[in-house]
Structures are given as structure tokens and as C-alpha cells.
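Number of protein chains: 2
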Amino acid sequence: MVAIGGISLPRFVAPSLHRQSFSPPAIGFARFPNRISYRSTVALLDEVEKTGSRAAIVNRKVDGLVKSDCETDFDATLGNGHARNSGKILGVLSTVGNSTNIKWHECSVGKIERQSLLEQKGCVIWITGLSGSGKSCVACALNQILYKMGKLAYILDGDNVRHGLNRDLGFKAEDRAENIKRIGEVAKLFAHAGVICIASLISPYRRDRDACRAILPDGYFIEVFMDVPLEVCEARDAKGLYKLARAGKIKGFTGIDDPYEVPLNCEIVLKNNGGSPCEMAEKVMSYLEQKGFLQA
Amino acid sequence: MVAIGGISLPRFVAPSLHRQSFSPPAIGFARFPNRISYRSTVALLDEVEKTGSRAAIVNRKVDGLVKSDCETDFDATLGNGHARNSGKILGVLSTVGNSTNIKWHECSVGKIERQSLLEQKGCVIWITGLSGSGKSCVACALNQILYKMGKLAYILDGDNVRHGLNRDLGFKAEDRAENIKRIGEVAKLFAHAGVICIASLISPYRRDRDACRAILPDGYFIEVFMDVPLEVCEARDAKGLYKLARAGKIKGFTGIDDPYEVPLNCEIVLKNNGGSPCEMAEKVMSYLEQKGFLQA
Numbered sequence: 001m002v003a004i005g006g007i008s009l010p011r012f013v014a015p016s017l018h019r020q021s022f023s024p025p026a027i028g029f030a031r032f033p034n035r036i037s038y039r040s041t042v043a044l045l046d047e048v049e050k051t052g053s054r055a056a057i058v059n060r061k062v063d064g065l066v067k068s069d070c071e072t073d074f075d076a077t078l079g080n081g082h083a084r085n086s087g088k089i090l091g092v093l094s095t096v097g098n099s100t101n102i103k104w105h106e107c108s109v110g111k112i113e114r115q116s117l118l119e120q121k122g123c124v125i126w127i128t129g130l131s132g133s134g135k136s137c138v139a140c141a142l143n144q145i146l147y148k149m150g151k152l153a154y155i156l157d158g159d160n161v162r163h164g165l166n167r168d169l170g171f172k173a174e175d176r177a178e179n180i181k182r183i184g185e186v187a188k189l190f191a192h193a194g195v196i197c198i199a200s201l202i203s204p205y206r207r208d209r210d211a212c213r214a215i216l217p218d219g220y221f222i223e224v225f226m227d228v229p230l231e232v233c234e235a236r237d238a239k240g241l242y243k244l245a246r247a248g249k250i251k252g253f254t255g256i257d258d259p260y261e262v263p264l265n266c267e268i269v270l271k272n273n274g275g276s277p278c279e280m281a282e283k284v285m286s287y288l289e290q291k292g293f294l295q296a
Numbered sequence: 001m002v003a004i005g006g007i008s009l010p011r012f013v014a015p016s017l018h019r020q021s022f023s024p025p026a027i028g029f030a031r032f033p034n035r036i037s038y039r040s041t042v043a044l045l046d047e048v049e050k051t052g053s054r055a056a057i058v059n060r061k062v063d064g065l066v067k068s069d070c071e072t073d074f075d076a077t078l079g080n081g082h083a084r085n086s087g088k089i090l091g092v093l094s095t096v097g098n099s100t101n102i103k104w105h106e107c108s109v110g111k112i113e114r115q116s117l118l119e120q121k122g123c124v125i126w127i128t129g130l131s132g133s134g135k136s137c138v139a140c141a142l143n144q145i146l147y148k149m150g151k152l153a154y155i156l157d158g159d160n161v162r163h164g165l166n167r168d169l170g171f172k173a174e175d176r177a178e179n180i181k182r183i184g185e186v187a188k189l190f191a192h193a194g195v196i197c198i199a200s201l202i203s204p205y206r207r208d209r210d211a212c213r214a215i216l217p218d219g220y221f222i223e224v225f226m227d228v229p230l231e232v233c234e235a236r237d238a239k240g241l242y243k244l245a246r247a248g249k250i251k252g253f254t255g256i257d258d259p260y261e262v263p264l265n266c267e268i269v270l271k272n273n274g275g276s277p278c279e280m281a282e283k284v285m286s287y288l289e290q291k292g293f294l295q296a
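Chain order of the listed sequences is A and B.
Under UniProt numbering, the first residue of the first sequence carries the number 1, and numbering increases by one thereafter.
Under UniProt numbering, the first residue of the second sequence carries the number 1, and numbering increases by one thereafter.
None of these hints come from the bench; they were simulated from the model.
Be a bit skeptical, because a hint or two may be false.
[Stated by the list, open to error] Now the in silico label distances, taken between C-beta atoms and shown as ranges:
| # | chain 1 | residue 1 | chain 2 | residue 2 | range |
| --- | --- | --- | --- | --- | --- |
| 1 | A | K271 | B | D218 | 55 to 63 Å |
| 2 | B | Q290 | A | D218 | 53 to 61 Å |
| 3 | B | V269 | A | G275 | 29 to 37 Å |
| 4 | A | G252 | B | K243 | 45 to 53 Å |
| 5 | B | D175 | A | A247 | 34 to 42 Å |
| 6 | B | K291 | A | D168 | 46 to 54 Å |
| 7 | A | S286 | B | V269 | 48 to 56 Å |
| 8 | B | K291 | A | E289 | 57 to 65 Å |
| 9 | B | G275 | A | N265 | 32 to 40 Å |
| 10 | B | A247 | A | G252 | 30 to 38 Å |
In this text the structure is predicted, and so the values were computed from the model without any measurement.
From the three backbone atoms N, C-alpha and C, an ideal C-beta is built for every residue, glycine too.
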């Protein structure tokens, strides 16, 4: 255990994890000695076709497909309202934002099927807090625990996404909002894919976080607030950013000359004295278990 | 089997797939009767900490972590060059695009671990072709076959993403380029997460597709060209868009008054007379199997 700035950073990884020969623990997914090949799968699908089962897509129209509410709720938020609580009329052209001629395509393998495959429910765990509050450490610890359980998680880190998708964005107000909006949209796609998506970013404004919550079905956006006082974060200053901000070399730095709006109704609060990142991650795990996200 | 405009659209889905009670085929992931709970996992991690194993993150510096080339190649493209072929020096602040103060965060569960969990390699299958060339049908068939094999795939459909992430984009040249760029970046994140990501979009310009290829490690971008003549697509005109374009009601429509640039060196070409979407998807499956993507 390594103590830094008042919190303990755990040594997460057993060395074997970094060797290519590593075999994952047989607790989540099994290797079957006689896997069904894709050829027999195609034969199976051909059989399904021949026996005339219900078609998902026939002549680009859909035959009043009814899915579970859960699936439909998610699709409704993804599909901008084309999907309703029961029955779907697809194949409708629509105008969305700046786009016209957009058709919502439905596919026969949906969120429910992916959940069954992964034995988990995709969701977004949104970790918010000041720079230096320990977001990334908790995200990593959570990722590690989930992996050990055989669950598929993926971290969207605010900084990392700026290397790719959000490379064109800076730190002025509208760019920060756009950065968060895009990460929210990507997180939603991951959740829809069945992945437990851990978004770790300062996201200082309530309205931006709430906007990300709003695009997900109720309950699937889990806001985790790193409740660490500014003075603690500043004392850590692992990246040296607070020093630069105090010296006026970084403008608009959250907590110094830009506000951080504390969440009002978040799902989980992790206090400064809440233990190691592993222990904090355990609180999130407890929530996930209680809400049924760790099973299909 | 339903014949439309010269190709056959299969009836993909057995009815049971749409019932909430559906159990996935036991060919990919198994349900273990005595699952290891997250509590014992946390205890295991604590033990790892106490025994002083190699730390992934210690005081925000990394102890010369060496990963397999495969992982490192992917990280290098994701991490904008922070990760090199062997050994990593992290904890470096950088300037990326319009962003400063960006630090690349590394986590101990990486692509290799997720691959082991899923028993597959994440990649991007990029299906390009004219409107009406059957991209979505092949994407769906592929998704279905992969699901039946217990593999995790996710479709990023050009139209669907315009309902969310790319809602602010229209169809003028720079918006189309940005649309494709963002989908490419998201597809890369999915591939890094271990998912077989199927991107299905017209993507008419070679330079835009090549840019998406360039951000992925060699071999992980699999370009699939739907080689269907314009007249066949126009005869189908399932969305009625060609009619509108011919009437001048849609401007800049690919194939009518905007060019489609045929891929020069794509991995797979699916011809118009290549059979049903299932049969075409089988060709892609064959490629995936041959290249080792269907195993960890």
C-alpha cells in the first residue's frame, strides 16, 4: 500500500496480468472444448430462415416487433423516440438535429441479448470530482474488481478521450460542455452494448452531468461524487496543475477560478476518508450488486 | 426468405429471441453455479496489495511497465504516442490538438485482459457502400452470427449515431467528414474494449475511410466494400431517397450528385450477386476466423 496525500493507493495488479500467457480467471466466461463454429451457426440461421420465423427486417419494414420494456426504454433514448413502450414502427425517415433522411435501423440482436451473453447489465458509472480527488484511481480499482469477477467494464477517461474523439476541443466553456456531451453519448453506446462503462471526468457543471443522465434510461446513469475538499486535492497536486493554476499559468481551472458544482442527488458519495480506492470501489460494487447490474 | 431488388433478405430471428425469458446459447459464456462474489474479489485484491506485487500506479508514476506488443500498439494509437513498443513512461503532461494539461492514464486491466475475458479480439469491421447496397443487412446478419457463437459485437450505424453523438452534424462536406471521423474514433474505443465493432455507413470518400484506418493498429480495421452498382441500389430505393435525389429534393446525394470513391485496397469485397446477407456475412466471418479475431 502506498500512501499519497492522505489517501492510500493500492498496488492493483498481480505481475502475471502483464504477461501474454496470462489466462483469465475461470469465474465469468468459460472455454468450451467443442466450440460451435460459425459454419454451423450459419447453417442454424439458414434453418431459421427456412422455417419462416418472425423477421426483424422484411422489405425494410418491421412487423410490429414487441420487446421488453427495458430494451424498449433504452432504444427509445437511443432512437430518439422511434421506439415506444410496445410495438415499433420503424422504417420512418426523420429529421434529427441538423440531419435529415435519418432512418432508425433495428437489429435482431439487442441489448437484452448482449446482457444475457455477458451476464451483466450495461450502465454508466459517472465519476465526478475535482482534479486530484481520486477519480481515476477509483475507476481503475473498480475496473479491476469487475474484471476479477469476469465482468466487462471499460473506462472512458476525460483526459484519454481528448487524445482522440475530442481532440478538437479545448477548455473554454463551450468546449468543456461539448467534451462532456460527447463522452456521455459514447458512454450510452457502451452501456447499450452491454458494457459497464466507467466515465471518469471532472465534469464540474451540474447541467452537463444532468444532460448525460437524461439521455439514459432511468437508473442506468450512476453518478459517483468524489467528495474531497479542494485543499486536500491541492495538497496532493499529483499533476502539478493546481500550482500552475495558482500561478495564473492555467486559466479557468476548476476549483481555483472556475466553479465545481457539487451533485445534489447523486447515487453514491465517496468521502475523502472513505478508505483506499479499492474500498471506495467496493461501495460502488455494492450498489451495482444491489441494483442487479451484475447479472443479466 | 424475402427477395427484394435482386437480393434476398433473410428472416434472421427466431421468435424466442424477443422474449425476456430467452437464455443465450451456452456456447460462449457459461453461468457458474458458485460465482465468486465481489467481496471475495476485493479480499483477493487486498491480498495482492499486501504482498507488494507490481504496482500499475504508484504516486502517479509507472515503474517501466512492459506489455505485449499487441496491447502496446493499440495503446500507442489510443494514447497518442505516450506508449511505446516496450516500456512506458506515463505521467507526462502533453498538448494534444486543442487540449493542454492532458495526462494519459493507464489502467491495469487492458485490451489483452478484456480479450481473454471475451475470447475474441476487438476490431473494427467497416462496411462501406452506396445507400441501398445492403450494408445494414450484412451488419445485422454478421451481428446475429457472432451472437450465436457467443461473441460480443456492436453495430455503429451511420444513421443511428446521428441520433446522438453526431446530432449536431448535417450533410455538408465538412459535417460528413466529421461524422465519419467521430464514428471512427468511437469504433476504435469499442475495439479497444474488446468488442467486434461493426461500423455501417456510406463513407463515400477514400480519405475519410483511410483516416479511420490510420488510427487503428495494423490489421484491426477491416474494410468491407458492398460492390453493388448504382442502378441496382436505385432500383431498390428502400428509403425512397434516390427518387428524392433525382427530383433535386436532396442535394449532394452519394451516387447522384456526389461521388462514391470505390476502395482500392479493402480487405473484403461483397458483390451484388454474392448471395443473401447471411452468405455475405459468412465471408466476413471466414476472414475473422482466418485472422484469429474469434479467439483471444
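- [ ] Find the hints from earlier in the document that the structure breaks and name them by number, from lowest to highest.
- [x] 1, 2, 3, 6, 8, 9 and 10
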